[in-house]
Amino acid sequence: MSEATAPKVFIAGKPVEGVHEVHEHVSPISSYVKVFGALLVLTALTYGVSYMDLGNASLPVAMIVAFAKASLVCMYFMHLKYDDRYNVFVFISTILFVAIFFTFTIFDLMQRDAVNPEQDTFFRANFGEAFGFQPPEPPEGAEAGGHGHE
Amino acid sequence: MNLSTLFLAMAPAKDAPLPPNDAKGGPWSMPIQASTFAPETDAIYLFILVLCLISFVGIIGATLYFMRAYRRRSPDQKTSSITHNGKVEFLWSAIPAVLLVVIFLWSEVAFMKQVVPPSDAIDIRVKGQKWFWTAEYPANPGVQLNNEIIVPVGVPVRVTLTSEDVIHSFFIPAFRIKRDAVPGRYTTVWFEATRPGDYNLFCAEYCGDQHSEMRGVVHVLPLDEYEAALEEAGRLELEQGESLAAFGERIYTRKGCNACHSTDGTTKTGPSWKGIYGADRTFADGSSGKVDDNYIRESILEPNAKVVAGFTPQMPSFQGQLNDDQITALIEFMKTLK
Amino acid sequence: MSDKSKGSVAPDVPATEPSFWEADKGLASWLFTLDHKRLGVMYLVSTMIFLFVGGAAALLLRTELLTPEGDIFSATVYNKLFTVHGAVMVFLVIIPSVPGALGNFLLPLMLGAKDVAFPRLNLLSFWVYTLGAMFFLYTLFAGGLDTGWTFYTPYSSTTGTSVVSATLGAFILGFSSILTGLNFIVTVHKMRAPGLTWNRLPLFVWGIYATAVIQILATPVLAITLLLITIERTLNIGIFDPAMGGDPVLFQHFFWFYSHPAVYIMILPGFAIESELIAVHSRKHIFGYKAIALSSVAIAIISFLVWGHHMFVSGQSELAGVIFSFLTFAVAVPTAIKVFSWVATLYKGSIEFNTPMLYGLMFIFTFSIGGLTGLFLGSLATDVHLHDTYFVVAHFHYVMMGGTIIAFIGGIHHWWSKMFGVNYSEKAAKIGALLVFIGFNMTFFNQFILGQQGMPRRYYTYLPQFQQQHVLSTIGAYILGAGLLWTAIYLIHSLRRGEKATSNPWHGVSLEWHTQSPPIQHNFHGTPVVTSDPYDFPEIDRTGETDRH
Amino acid sequence: MSAIATAEHPEHLAHHFDTLEQQAAAAKLGMWLFLATEILMFSGLFLGYFIIRMFYPEMVLEAHEYLSKTAGGVNTVVLITSSFTMALAVRAAQVGDQKNLIRNLIFTIGFAGVFMVVKYFEYSAKFEHGMLPGKFYHAWDHGYYIEGLPHIFFGLYFCMTGLHGIHVLVGIGVLTWILLRAKKGEFGPSYYTPVENVGLYWHLVDLVWIFLFPLLYLVR
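From first to last, the protein sequence lines stand for chains A, B, C and D. The first sequence begins at 1 in the working numbering and counts up by one. The second sequence begins at 1 in the working numbering and counts up by one. The third sequence begins at 1 in the working numbering and counts up by one. The fourth sequence begins at 1 in the working numbering and counts up by one.
Worth flagging that the hints you see were computed from the coordinates, not collected in a lab. Certain hints may be false.
With a straight-line Cα cutoff of 30 Å, these simulated DSS-like cross-link-like pairs (lysine-lysine) come out [claimed, not checked]:
(1) K290(B) to K274(B)
(2) K348(C) to K87(B)
(3) K34(A) to K126(D)
(4) K338(B) to K268(B)
(5) K99(D) to K306(B)
(6) K34(A) to K135(D)
(7) K25(C) to K78(B)
(8) K500(C) to K430(C)
(9) K127(B) to K135(D)
(10) K34(A) to K99(D)
(11) K290(C) to K78(B)
Cβ-to-Cβ under 10 Å is the rule here; a few derived chain D residues that face chain A [as the list claims (entries may be wrong)]:
(12) M116
(13) V118
(14) Y120
(15) H167
(16) P194
(17) P214
(18) L215
The beta carbon of each residue, even a glycine, is placed where N, CA and C say it ideally should be.
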């Protein structure tokens, strides 16, 4: 560096004193342990809930628990809670764009037979004969999903 | 000044009858309006065109005027200190927004009319396949047309589309309709022809080598002639006094064999039929055999059984589309091709 | 609001110190450079080479289309040629060119920084671009690709041509785009010179920033889509291929979710350059700075909501089509605001008709046609007739070629002296501009008529009634090709025999004009301090200060 | 970057940055943008899963019975623990506690290894039963007759867990590189950005698995 003494350093117009320090939040070990425990509990919860037969409510419940665990990891383990606001904005806008991608695509797939009933999706039985991929019919004896031999 | 004559001399004369010319109204006009949708689609097209011309003349006119009025006359020519003008900027965002909403609404209404078929429409099932259309009429079983669709005038027709292999697109410019034929599902499009005549049918979604050959003709006939023409088109039998080979040649063109097999020796997607009868062929699996009646019959019904070496197994099976005497007629026709 | 302080045109900085060209010599110093300026030059050279490769493919296509019958090549070769034209132009030229060449070179200069935030990632981005290009070249030799640049399944999952090497090539090029975008966002956020607040950023930086945002948010979805095509072809898992139970329209959703924002990755840098050209050469403050800056970001966001207008007739549900059509009109408004603001910038300016300004004005002409014809394709009823016809081909060529490439050539002329320290010959450049303008319009305006009459696109043979427009279009294509070749010739000639350029030939105000041409390795001596708006030209008459509102 | 430490030029400050904090903030923002691209890439596969679930609900429910919930559960606990030890490692670097930093990094790599071993057993079980993706699916030879098109579900299963597995392997590689540098004592309160960025990447890999596990293994 050609200057003799360290220049008054500016960033975006504001002078900066400590050229050397890095000001970052250091959270105590106890907060990590608490979050870790919560994550284990939530995992056990979602594992247990899967055995109860919730029918089609099981997807939303699993998603809520997963979001809870994800937000715990993001806020504490990834320091989003104490971080520069722009990183949070980047993370939230990513989730927003993933949501846009999902909603429009799934909306289209659900509305296909809204106007013309027979436009709904169907798929032929003779699958992949071009690749010689022929699932044989199950023999009468074996009920669907039988636990086969090794 | 028609430059095409300059180049037509080079192109070999095409033997097939010239396909219909939808754009009779000269180079700048839209195709003929031959369906109930056409007038409204053209009206929307014209409305957007007028809006675009006005704004285009406005933009380019202003640019040209400013270029002339404010060209640099002296190196230190003073310029205005305007940096923005809230009112003007609001106007030139609000007015386009309103006009755009108007375009959207009108176009959306017209689209919804195009999409909901009336219940009393004639049903036609069209199947797109690598490089030809097959139309079937559930109301007249046994009628099967290749690259041809016969529809009555003034009666709504609902076309249910599917495809055997890749995505094709059922496009009739004169009716202003287009719908993709997606493999693995049905899609529907409907129209009501208003003018008798022949109109072009194109495949608009890229589907491989012969994508541009996958053309057809839509015959619009008055109602009374429609039934008779359909019957006649469906019937593909030996006429009195017609030789078996001539009947075979009719099948060759009607069933779309010409799309892949030429009769003058040039190999297209399939081997040429010139001098094929009785010749020896080596097949893809290394074995070889003589091209006799059984081989031809087998190749028509199960094309992938013995594929000639160097060709891809792309031929669809014609099981149920060709009866026995039609196949014998085809064999007779092949014998004549030395 | 622009600042009251007096605009300071950069004084002429004599090129005393060794520029980044002479900083160090040898091939290794170029191949492993961390200097954003050298990477910018390397991107410029490689994208221009591929522009001519893609252009040559286009000329071959146009020659074939002179006659209704196919007589020069076979159908397969024709299909492979239009795929080469599409894939090379999209993935190798128009997406990396402006951000890679001008963005890399100018962003640190305009921000007053010494380099981009992550120089090594910048070098990695160029190497990943070269690797991706290698895959494309391999595809050419391995029998070519005939699926079109859109890779629609089930054609792409069942065709015999080498799809996997092309999808892997595009997959790798996606990472080059992500790395560039990531680099620019962090650079703009963290490395602005003192005094350079968001309202004083040149509009070029705003445009490149908005492009970088789209590159970050859209390209990964292309990565997973291409990965799924490769897996579909090798394992046939059946997510897109209907023969195995998949849904091809689902592929179109995946593909267009990237590809529509990608067309904004292509046009936003064109807007970015256009704002600079119009303002500097009419010596007047850009009209509506905030409107243009915010509409860049607005376009970046709304571009993610409109991809369904590519699929109105492709089996997408009608209700989804209606929603996508409405949102497509929403994205037209910010674009219109930009064009009107540029024209308003000319009002009461002092316009000098040098070559960059000619290309800037040409951009207004061609992009207006491109943008307005988008309305026909955004509205449902007319799109049913016009979809997949030559009308669409003409529309996107008017926006991509008439928009980005013409703005890019204007930008190259505008900053040529800054990059290479020499001046090109104005007379030759004006001839080139005329040829490009005539050739371009003659080639593509006829295709609107073809499309309106219902000629489908990607056709190897066509009906005789369309031949007249095709012949005119082919002649135009040759004129356009000649114009671009001529431009390349006189620019390369100027490198050897061009006379030395001063550091600020156009009397610009933004930071890149405050250093010598070509700049030194570390761009500036010490950190420049920004005190005014980048469009505060001395010619602006401030006496009528009171009427400012 | 030359690591010569001069008075006003701290050891790890790149020439084009003004302060260490500006450099650290830039590196973290760069990392978050990279994580955004990772999330968007995985979103494509998740959308594929939701759509196949919409097309073939009963097939997905029946086919996912063949995934062993316990193996998935064990893997989830292993990954969460490795995320925990990774967070402790980053904290150790922040406070300059070299011993804990190295210990936690080794734990994290160890748990990642366990995750891959469990996954190896899961995959080999699937291979034995012939439940392979796409056209290689031949579970009927082993007596399993699943209605509908199970090859799609197993295709997606292998895509999602396979891509996630590759990210875990890359994670192990990068963690080992950080461990080697930590052994040389490079990280301290003034310079720990690499550890923090690798930590962010590792937490993201855990985040993806947090969503993958219920969707593939648990949901009825």
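We went through each hint and held it up to the structure:
Proximity of K290(B) to K274(B) is assessed by CA-CA distance (about 15 Å); at most 30 Å being required, the pair is judged to hold. With a C-alpha separation of about 18 Å, the suggested pair K348(C) and K87(B) falls inside the 30 Å cut-off, and the hint holds. A hinted pair counts as satisfied when its Cα atoms are at most 30 Å apart, and K34(A) with K126(D) does not qualify at roughly 37 Å. About 18 Å separates the Cα atoms of K338(B) and K268(B), which keeps this hinted pair within 30 Å; it holds.
Between K99(D) and K306(B), the direct Cα distance comes to roughly 72 Å. Violation of the 30 Å bound is thereby established for this hinted pair. Between the alpha carbons of K34(A) and K135(D) the distance comes to roughly 47 Å, so the proposed pair goes past 30 Å and is violated. As the CA atoms of K25(C) and K78(B) are separated by approximately 46 Å, the hinted pair breaks the 30 Å bound. About 20 Å separates the Cα atoms of K500(C) and K430(C), which keeps this hinted pair within 30 Å; it holds.
For the suggested pair K127(B) and K135(D), the alpha carbons sit about 26 Å apart, so the restraint of at most 30 Å is met. Only pairs whose Cα atoms come within 30 Å are accepted, and K34(A) paired with K99(D) is accepted, the gap being roughly 23 Å. The straight-line distance between the Cα atoms of K290(C) and K78(B) is roughly 24 Å, inside the 30 Å bound, and the hint therefore holds. Hint status for M116(D): violated, given a least beta-carbon distance of 19 Å to chain A, over 10 Å.
This hint is violated: V118(D) has a C-beta 15 Å from the nearest C-beta of chain A, more than the 10 Å allowed. Annotation: interface hint on Y120(D) violated; nearest CB of chain A at approximately 19 Å, more than 10 Å. A cut of 10 Å between beta carbons decides the hint on H167(D): the least distance to chain A is about 15 Å, and the hint is violated. The interface hint given for P194(D) is broken, as the beta carbon of that residue sits about 13 Å from the closest beta carbon of chain A, more than 10 Å.
Annotation: P214(D) was flagged as interfacial toward chain A, and the flag holds, the nearest CB pair being 4 Å apart, inside 10 Å. Taking 10 Å as the C-beta cut-off, the interface hint given for L215(D) holds, the closest approach to chain A being about 7 Å.
Checked against the numbered hints above, the structure breaks hints 3, 5, 6, 7, 12, 13, 14, 15 and 16 and satisfies the rest.
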